[in-house]
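Residue numbers (my numbering), protein chains in the order written: chain A, 1 to 91; chain B, 1 to 160; chain C, 1 to 129.
In case anyone wonders, no lab produced these hints; they're calculated from the structure. Among the clues, some could well be false.
In silico DSSO-like pairs for lysine-lysine, Cα to Cα no more than 30 angstroms straight-line [unchecked claim]: (1) C:K129 - C:K28; (2) C:K129 - C:K113; (3) C:K129 - C:K33; (4) A:K2 - C:K28; (5) C:K128 - C:K34; (6) C:K34 - C:K113; (7) C:K33 - C:K113; (8) C:K55 - C:K113; (9) C:K28 - C:K113; (10) B:K63 - C:K8; (11) C:K113 - B:K63; (12) C:K113 - C:K128; (13) A:K2 - C:K113; (14) C:K33 - C:K128; (15) C:K128 - A:K2; (16) C:K34 - A:K2; (17) A:K2 - C:K129; (18) C:K129 - C:K34; (19) C:K33 - A:K2; (20) C:K28 - C:K128; (21) B:K69 - C:K113.
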Amino acid sequence: MKRLLGIAIAIAALIVLLYGAEDLPPWADPGQPASLHVSPRYIERAVGETGVPNMVTAVLTDYRGYDTLFETAVIFTAGIAVLMLLRRPIL
Amino acid sequence: MIREHEDVIIQTVCRIFIPFMQVYGLYVLAHGHGSPGGGFQGGCIFAASFILMSIVYDLNEVKRRFTEKLSVFFFSLGVFIFAGMGWLCLFLGGNFLDYGVLSKILPVDPVMARYYGIAAIEVGIQITVMAVMVSIFLDLLTGGLHEKDAEEGHVRGNTQ
Amino acid sequence: MLEVILSKYNYWIFSILLVVGLYGMMAKNNLMKKLIGMNIFQWAIILFFISIGAKRGATVPIITGTHGHDTHTIVARAAEYVNPLPHALMLTAIVVGIATTGIALALLVAIYKRYNTIEEDEIIEALKK
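Whole structure, please, built from the sequences with the hints as guidance.
The following block contains the structure:
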């Protein structure tokens, strides 16, 4: 019973997702909106402003440095949480 | 997965292999500027060498080295280095995490000051990621026995 | 119709992967299988996001021929390099996924210690008593 309900909901979700995929831009299109607004500025000025040839590292640690700082805090929290769950006596 | 008897071939191969894995992890960290890599990738490779050591050799020995105090020290050291660079830039007069003002204390121009700032925070990221990966693996593997139980040689995975 | 499938086949692949993960989360009884379903769901989203950054005829987002000191003379045109922004954002997402999976596995070990089972219906029966 659970399995049939699961399959039905999954197929309904698949149909909704594929119907929504009609409006998305085609695969590897150079003119899609994801590549147009701030991304050309990052590509053209990454080496000139930061001196790092790897654009992904420059975006990750310099242009978007706040995200990386809090994501390091997230993985720190995960380490502390596993330590507290398992190394202390439970219940 | 953790067996009591020792396998000569696997132990000999891993004895040669583990230092190369660690040097490779540091290489990926250091060349994060010119080729794909950086802090996260280097940290995972470095942690994989410790995980291999705990699978092939004695688990209790590795668990005795990575005590709770040492693990928590390494977690916070990485975050402290990253946030410390941000605070340093704030004290020198710029914005938080604005590495261009590091040219006041280093004898380089602002573009190269950003380069060195990025290199420093990648080290901090690698230390935290490496310590967290090893700590989560060891905790899940032994079910979180305390260190004194580990010293007595009683590991949960072997007695079930 | 064939044109729609062929030009956007990446969305079809990632939608199917997402639905497989969704089915695993809903219809399985074992808590470990539900966790793996959640992991598959998450990876489908990460791969979809990375596939948005592709560009036809473009190369890896690393500028060759310079290292450090002569960076003022480099001219990089935006149409020649793959979009680096989804790669940077998804690195953060991958690490958050690792953190979530690690904590969920630790919770499973704690549940097993307490109830001695990881099947969902047995735990619900033990909770009702």
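Handout entry: Violations among the numbered hints, reported as their numbers in ascending order
Key = 8 and 10
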